[in-house]
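Visitor: What follows is each chain in one-letter form.
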Amino acid sequence: MGKKGGRILRGEKVIRVKIYINLKEGVADPQGATIKHALDSLGYKGVSRVRTGKYLQIELGIEDREKVKKEIEDMCRKILVNPVIENYEYEIEEVK
Amino acid sequence: MKFGVVVFPGSNCDYDCWWAIKQATGEKVDFIWHKKKDLSGYDCIVLPGGFSYGDYLRTGAIARFSPIMEEVEKFARQGGFVIGICNGFQILLEAGLLPGAMRKNKNLLFICRYIYVRVENPDTPFTNLCRKGQVLRIPIAHFEGNYYVDSNTLSRLKKNNQIVFRYCNRKGEITDEANPNGSLDAIAGICNEKGNVLGMMPHPERCAESILGSEDGKLIFKSIVKKTGKQGKR
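The listed protein sequences derive, respectively, from chains A and B.
In terms of this note's numbering, the first sequence has 103 at position 44, counting the first letter as 1, and numbering is strictly consecutive.
In terms of this note's numbering, the second sequence has 1008 at position 214, counting the first letter as 1, and numbering is strictly consecutive.
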C-alpha cells in the first residue's frame, strides 16, 4: 500500500502530534487568574499561578519524522500560533 | 467614490456598514464575497465586524487566509484605504497589516455598550473631519478587544502617531475606569505607518444616524470620502 497526499491508508503507521500553545510570559491571562482565584477560594493553598493555553492533536500519515517536524513547525508559524502573544511546543508519537 | 464591504462567512455587521456608509456619504457601496479576487475600481475596503469562521482557533485567524485577503493586502500596499472594524480589526492584526494582537477582555465578559474614544490623530484619511482630542460616543461589542503589543512596537506606534483612538471618559480623560477591556495604553484604534489602513474596535456603523443615539460614526466615513476627493464621482 502506498501513500496518497498524506492520506492515512489501512495498515500504515499514524503519527500523532500533540501541540501545546501557551501565552508568552508577560502576556496577561485573565482566565488563568480567575481559575487561580477559584482554586484559592476552594481552599487549595499551594497554587502560586495558573496559566491557560490551547491543546491541539494533529494526526498525519507521514512516516518521516523530520518531514513531520517541518510540517508542524510550518503550520504553527503560518496559522496555528500567534507569535505576538503565544509560544508553542509539541510532542510526536506513533499510534497504530 | 466606491466603497466595498467584504463579506466573510460569519460577518454580521456587513449590512450595517453598507447601510451606514450609504446613508452617511451617499456614495456607492458594494458587498464583496470573500472568495472574490478582484478589487479594481474600489477606493475603500471595509472589513466588517462579526464572527468570521466562528472565531475558531483565534479571532480573524482563518478569515485572514480567505482568498480576498491577498487582494486586500495588495490593495493596501498600493495605498488604497482599508478600514477594519471589530472583527475586521482582528483580521488585519492576524494578516500582519497592523501590528499587535487581541486578548480576551480583562473582565472576561462580552461587552456591548456605548463608550467614549478620544481622537489622538486627526491627520489620517479616516479622521480628517475630527479635531485633535475630540471625544466620540460610539458603541463597542466584543469579547476579544484587549489590545496588546510589545513595548518596542508600542514606542514606534507612539512615535509615528499611529494610535488613532484611545478609550476615555466623557470629558476626554484617559482613566483606568474608562478603559472597558484592558487594552494596553487604552488603545481603541491604530493605523499603519503609511496611514492608509485603520483598525478600530468601536463600531462607527452603529452610530451614524441620530435615531440611534449618536452620529459620531459618520465623521469616519465622511473623512474617507473627503480624503479621496472623489465625492459623488462614480
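What the hints contain is simulated information worked out from the structure, not anything from laboratory work.
On a predicted model such as this, the values are computed, not experimentally measured, just so you know.
Be aware that one or more of the hints could be misleading.
[Stated by the list, open to error] For lysine-lysine, the following BS3-like pairs were computed, each having C-alpha atoms within a straight-line distance of at most 30 Å:
| id | chain 1 | residue 1 | chain 2 | residue 2 |
| --- | --- | --- | --- | --- |
| 1 | B | Lys829 | A | Lys137 |
| 2 | B | Lys816 | A | Lys137 |
| 3 | B | Lys900 | A | Lys104 |
| 4 | A | Lys95 | B | Lys900 |
[Claimed, not checked] Residues from chain B that face chain A, not an exhaustive set, calculated with beta carbons under 10 Å:
| id | residue |
| --- | --- |
| 5 | Arg858 |
| 6 | Phe859 |
| 7 | Pro893 |
| 8 | Gly894 |
| 9 | Met896 |
| 10 | Arg897 |
| 11 | Leu902 |
| 12 | Cys906 |
| 13 | Thr947 |
| 14 | Arg950 |
| 15 | Glu967 |
Glycine included, each C-beta is placed from N, C-alpha and C at the ideal position.
Visitor: Each hint should be assessed against the structure and marked as holding or not.
Guide: The hints, checked one at a time:
no.	hint	result
1	B:Lys829 <-> A:Lys137	holds, 20 Å
2	B:Lys816 <-> A:Lys137	violated, 37 Å
3	B:Lys900 <-> A:Lys104	holds, 25 Å
4	A:Lys95 <-> B:Lys900	holds, 15 Å
5	Arg858	holds, 8 Å
6	Phe859	holds, 7 Å
7	Pro893	holds, 8 Å
8	Gly894	holds, 6 Å
9	Met896	holds, 9 Å
10	Arg897	holds, 7 Å
11	Leu902	holds, 5 Å
12	Cys906	violated, 18 Å
13	Thr947	holds, 9 Å
14	Arg950	violated, 14 Å
15	Glu967	violated, 23 Å
Taken one by one, the earlier hints fail for this structure at numbers 2, 12, 14 and 15, listed in ascending order.
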